[in-house]
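> Residue numbers (our numbering), protein chains in the order written: chain L, 217 to 665; chain W, 217 to 665; chain E, 15 to 158; chain U, 15 to 158.
Keep in mind that a hint or two might mislead.
To be verified - If we take Cβ atoms under 8 Å as the criterion, some of the chain E residues that face chain W in the derived model are:
id: 1; residue: 92
id: 2; residue: 94
id: 3; residue: 123
id: 4; residue: 147
id: 5; residue: 151
id: 6; residue: 154
What the hints assert, rightly or not - Chain W is nowhere near these chain E residues, computed Cβ spacing over 10 Å in every case:
id: 7; residue: 90
id: 8; residue: 91
id: 9; residue: 96
id: 10; residue: 103
id: 11; residue: 107
id: 12; residue: 111
id: 13; residue: 144
id: 14; residue: 156
Source of the hints: derived by calculation from the structure; they are not laboratory data.
Think of the CB as a built atom: it goes at the ideal place given N, C-alpha and C, for glycine as much as any other residue.
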Amino acid sequence: MFEKVLIANRGEIALRIHRACREMGIRTVAVHSTVDANAMHVRLADESVCIGPPPAGDSYLNIPAILSAASITGADAIHPGLGFLAENADFAQIVAEHDLTFIGPSVEHIRLMGDKVAAKNAAKALGIPVVPGGQAVQTIEAARGEAKEVGYPILIKATAGGGGRGMRVARDQAALDELFPVAQAEAQTFFGNGTLYLERFLERPRHIEVQILGDGQGAVVHLGERDCSMQRKHQKLVEETPSPGLNDAERERVRDLAVKTMTKLGYKSAGTLEFLFENGEFFFIEMNTRLQVEHPISEMISRIDLVREQIRIAAGAALGYRQADIRLSGHSIECRINAEHPDTFAPSPGTVTRYHAPGGMGVRVDSALYQGYTVPAQYDSLVAKLIVHGTNRNECLMRLRRALEEFVIAGIETTIPLHQKLVVTEEFINGAYDIGWFERTYDRKTGAD
Amino acid sequence: MFEKVLIANRGEIALRIHRACREMGIRTVAVHSTVDANAMHVRLADESVCIGPPPAGDSYLNIPAILSAASITGADAIHPGLGFLAENADFAQIVAEHDLTFIGPSVEHIRLMGDKVAAKNAAKALGIPVVPGGQAVQTIEAARGEAKEVGYPILIKATAGGGGRGMRVARDQAALDELFPVAQAEAQTFFGNGTLYLERFLERPRHIEVQILGDGQGAVVHLGERDCSMQRKHQKLVEETPSPGLNDAERERVRDLAVKTMTKLGYKSAGTLEFLFENGEFFFIEMNTRLQVEHPISEMISRIDLVREQIRIAAGAALGYRQADIRLSGHSIECRINAEHPDTFAPSPGTVTRYHAPGGMGVRVDSALYQGYTVPAQYDSLVAKLIVHGTNRNECLMRLRRALEEFVIAGIETTIPLHQKLVVTEEFINGAYDIGWFERTYDRKTGAD
Amino acid sequence: MTKQSDLNVDGDLVRTLAALLEETGLSEIEYAQADRRIRVARNSPTAPAVTVSVPSAGAAPLAEAEPAGAVKAPMVGTAYLAPQPGTPHFVKVGDMVRENQPLLVIEAMKVMNQIHAPRAGRVAEIRVGDGTPVEFGQILIVLE
Amino acid sequence: MTKQSDLNVDGDLVRTLAALLEETGLSEIEYAQADRRIRVARNSPTAPAVTVSVPSAGAAPLAEAEPAGAVKAPMVGTAYLAPQPGTPHFVKVGDMVRENQPLLVIEAMKVMNQIHAPRAGRVAEIRVGDGTPVEFGQILIVLE
Chain L
217 MFEKVLIANR GEIALRIHRA CREMGIRTVA VHSTVDANAM HVRLADESVC
267 IGPPPAGDSY LNIPAILSAA SITGADAIHP GLGFLAENAD FAQIVAEHDL
317 TFIGPSVEHI RLMGDKVAAK NAAKALGIPV VPGGQAVQTI EAARGEAKEV
367 GYPILIKATA GGGGRGMRVA RDQAALDELF PVAQAEAQTF FGNGTLYLER
417 FLERPRHIEV QILGDGQGAV VHLGERDCSM QRKHQKLVEE TPSPGLNDAE
467 RERVRDLAVK TMTKLGYKSA GTLEFLFENG EFFFIEMNTR LQVEHPISEM
517 ISRIDLVREQ IRIAAGAALG YRQADIRLSG HSIECRINAE HPDTFAPSPG
567 TVTRYHAPGG MGVRVDSALY QGYTVPAQYD SLVAKLIVHG TNRNECLMRL
617 RRALEEFVIA GIETTIPLHQ KLVVTEEFIN GAYDIGWFER TYDRKTGAD
Chain W
217 MFEKVLIANR GEIALRIHRA CREMGIRTVA VHSTVDANAM HVRLADESVC
267 IGPPPAGDSY LNIPAILSAA SITGADAIHP GLGFLAENAD FAQIVAEHDL
317 TFIGPSVEHI RLMGDKVAAK NAAKALGIPV VPGGQAVQTI EAARGEAKEV
367 GYPILIKATA GGGGRGMRVA RDQAALDELF PVAQAEAQTF FGNGTLYLER
417 FLERPRHIEV QILGDGQGAV VHLGERDCSM QRKHQKLVEE TPSPGLNDAE
467 RERVRDLAVK TMTKLGYKSA GTLEFLFENG EFFFIEMNTR LQVEHPISEM
517 ISRIDLVREQ IRIAAGAALG YRQADIRLSG HSIECRINAE HPDTFAPSPG
567 TVTRYHAPGG MGVRVDSALY QGYTVPAQYD SLVAKLIVHG TNRNECLMRL
617 RRALEEFVIA GIETTIPLHQ KLVVTEEFIN GAYDIGWFER TYDRKTGAD
Chain E
15 MTKQSDLNVD GDLVRTLAAL LEETGLSEIE YAQADRRIRV ARNSPTAPAV
65 TVSVPSAGAA PLAEAEPAGA VKAPMVGTAY LAPQPGTPHF VKVGDMVREN
115 QPLLVIEAMK VMNQIHAPRA GRVAEIRVGD GTPVEFGQIL IVLE
Chain U
15 MTKQSDLNVD GDLVRTLAAL LEETGLSEIE YAQADRRIRV ARNSPTAPAV
65 TVSVPSAGAA PLAEAEPAGA VKAPMVGTAY LAPQPGTPHF VKVGDMVREN
115 QPLLVIEAMK VMNQIHAPRA GRVAEIRVGD GTPVEFGQIL IVLE
């Protein structure tokens, strides 16, 4: 086992990793930018090294500085956390070249899944369904043929495009005939390239992801699926497990798919397969070869410590248990609490004048905040994760509501009031939401208040 | 189900009950003395009523005031918490006479177990072993006969005595012959009554208690045993479940005993059978017909909310599950954090200038403290309970250590530093402690520091 | 002990927070800075209740400043201003009362407890309504 | 920006806390009141490290007051005071240095990075030992 782990991250996730290390008797090295000198992960770590000025490029993304910090402190492994360098295959490789252990998957798997096209091809090759389509089409004739393969409704996209620009939805061939030339002209104008591709258009999909854990020695298990459909501008707001939008057969299907394919791949460490789900069909979006923000809800229902498992596996240990040994029990929900105005979502860095986390049964808070701490303006606005567990979804919802009532963060704006409103909406209570729901319905309503 | 519950208590247990009520959609009424006007349970409750001045006799023990508060707020049930009126059978009866529900056992069972002699006789009648002895003896001849029945070593006690005065240990008949007249003379001198009784002397017993839950409709289950042997002056410091001092056969034996006897008694609500355990034998001490301070560790391993169950049962619901449906998983430990000097145990009321509870996986904090709160001098010194869960005892211990490192309470002295030292002692790590260990070994050591 | 000037309530701040409550649909706003704290809460959608508290170093447990001639409830119960339903009230604002004169009754546990004037004086305020619940220490009547 | 007087370190308080650390076997004590905060920590049983911080409203991230002529580490790494093992140090206390004169090297990622004098001056202090690790922003040398 490692003697000393360098945590190449900041905020709540750095604290999360520190905690797992301490509980394994491993010493921790915190690295930090100048503005994070008083951060919780720095205060609690056994050692800390300032690695650069506030901009992440000069500190948390500064590979030479991080490796030098590992070198001068004598760390024997590096945990990248999430974001920053967590999915940087080059970093993982350089870490290995310096005779340090990268706590995560193999360089090859990080690289494979980091490339959107390669990942999609790999998924297909493994037998994971992807959103149909994606072939470049130049003419309306080719488009008609492709559309038949893909199936209506169809999304017309520019290969050179991005950010929704030039996207059109065609519900039948007549619409395709009408919209294709328009989209082509627009793509030519905006991107200087008129090449288009078609993709099945999903109307109101849910975001379903499966947490898996592999040891790279043949064993792979899942810790259930997470439903992350409550999103605003592709940012997850709330996550829950199990998903209220799947029936038991669908649930088993996607879990088994993840385990079977990751076993075939020989995946090592924690990872997540993300899918869109609509009308009983799952479509692979991407794979995250790292810990995810919402990992605690899987820990709550499985009581398996994902960070501990990542560390154990990185140190060469075998999983040591099979799927049948894992009991997923109850329901868990996480609310991401951001330092943002609850209506406008404007970032709200500043000093926390009052901090009181909720406690009691089934309530977990992962946060690096403390009273007097100043949330810097330079980084991500996630400041706390409220995670609750209940023996069933209703108990979980009631507990979540109660915990949100108790949570006090003052001095900065946070999204706690947003969550307080969200958890009492009919759609959330019924689990009847998809990835567009918040923006389509709720965001607008709030705006009109 | 109840619409509104009055919580006839204060501090963390009042908050605990408030939380369960909120999670069941029940409105809460806090009652409080003038000094507790800003207490957490008052701030969070739906309604609050000031019932008297600081002395508990005028407020938290003031039955007319509490009933008037229930009357003016329209509460339909009263939860007594623990301490104060929780085991007052008269109170339970008066509550019922006012057409309110007392959330707890029947008046008869409270009364039965509240009387030490009656409780011991009831236990014997139910087939629960008690500490052998207890018969009054007047002469050395009678004492010799009784001693043979009871078994050596023997504790000689004065029937009129108390507080250890006049107690003698005899390891054989020679010692009995020598010590009996001395003890008799001493009892006569101190208490004006020379009557003695003999009891089996337990050298280094453990305190083992079984948490049970009955619905008064025939169903009784246990939630495992708790080991509360880490004590100082009969005050529990740390509790854990399962007990590290029992083997599996002993564990099953005492759990089964509790369920069988409580089923026979027809017990309703949460209750605890307390035993001393030595050399494979359990001896009944008493039964607590209420929630206990250490109840959360049983909740951690069973994921059953004991307060919710008390409320459900009081409202007439059946248990709805059997022993086989309950899965006790992992290990849990609670540290009682008191507002006391960690070495001298001198009470330390005052204003909390800094409060930061530990978070993360497997950590629960039950506390009514907050930064700026003033701990009053009038009540119990328990200010926080740190409860951790791990998949096994070692993981639990490591997590406890980590959580204790993170816990910050400043402005008042607390026993956090004591717990930090305690959890790294060899005896605690090995689970090799009995009810005398702390005072015999550790307390002395600390004093010598 | 507590002087009116010590409270130094910022009326505008209270109004601003009350307006924010209304706007946001929250039930409570609490704000603390250095050793000062302000909390505004609203229990029902119609009637915003506003509480302002300052840190009290010592005993005073009630947030409210206590007038010199306050007659406080010695028990929890229901206050009645008249001896019987339909009869005139014991006292009305402006009345001169003598020491020990009955001011109102508090019903607790089916028992009517007469509350008497602790000293002679003029009834400046009656702070409770007929038949309303009162808690321990609540100001019932102010004499001057 | 930071004047020596602004820090206003209470030496007795530090000593008291350091003694408490020793006595209690703790590794850290932190105490905050109003806007002042003090933290003392001990990493090894032998060498108590003492950090005192005051709230910094703005940028200054290091607890320490920064002298005017401080030359700080531009990177994390290991400092060497001589060009090669066994050769004389680049500079010693009391030396006059000209602008851009090499003062020491920091080895980072197997690369030796020379650190030059930002201006001419006299070497007042050398704050790092030969072969010791340095973090970003750490004061290496003070010129006057």
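> Give a verdict on every hint.
Do the hints match the structure? See the list:
1. For residue 92/E, the interface hint holds, since its Cβ comes within 8 Å of a Cβ in chain W; the closest pair sits about 6 Å apart.
2. For residue 94/E, the interface hint is violated, the least distance from its beta-carbon to any beta-carbon of chain W being 13 Å, above 8 Å.
3. Hint status for residue 123/E: holds, given a least beta-carbon distance of 5 Å to chain W, under 8 Å.
4. Given hint, residue 147/E at the interface with chain W, holds; its Cβ is 3 Å from that chain's nearest Cβ, closer than 8 Å.
5. Of the supplied interface hints, the one on residue 151/E holds, with its beta-carbon coming within about 5 Å of a beta-carbon of chain W, less than 8 Å.
6. Checking residue 154/E against chain W: minimum C-beta separation of about 13 Å lies over 8 Å; hint violated.
7. For residue 90/E, the shortest C-beta to C-beta distance to chain W comes to about 4 Å, within the 10 Å cut-off, and the non-interface label is violated.
8. The claim that residue 91/E lies off the interface is violated: its Cβ sits roughly 5 Å from the closest Cβ of chain W, which falls inside the 10 Å cut-off.
9. The beta carbon of residue 96/E is kept farther than 10 Å from every beta carbon of chain W, the shortest such distance being approximately 18 Å.
10. In this structure residue 103/E is separated from chain W by more than 10 Å, as the shortest Cβ-Cβ distance comes to about 20 Å.
11. No Cβ of chain W comes within 10 Å of the Cβ of residue 107/E; the nearest lies about 24 Å off, and the non-interface call holds.
12. With a cut of 10 Å on Cβ distances, residue 111/E stays outside the contact zone with chain W, its closest approach being about 26 Å.
13. The beta carbon of residue 144/E is kept farther than 10 Å from every beta carbon of chain W, the shortest such distance being approximately 14 Å.
14. Look at residue 156/E: its CB is around 18 Å from the nearest CB on chain W, clear of 10 Å, so calling it non-interface holds up.
Figure legend: structure checked against the earlier numbered hints; hints not met, in rising order: 2, 6, 7 and 8.
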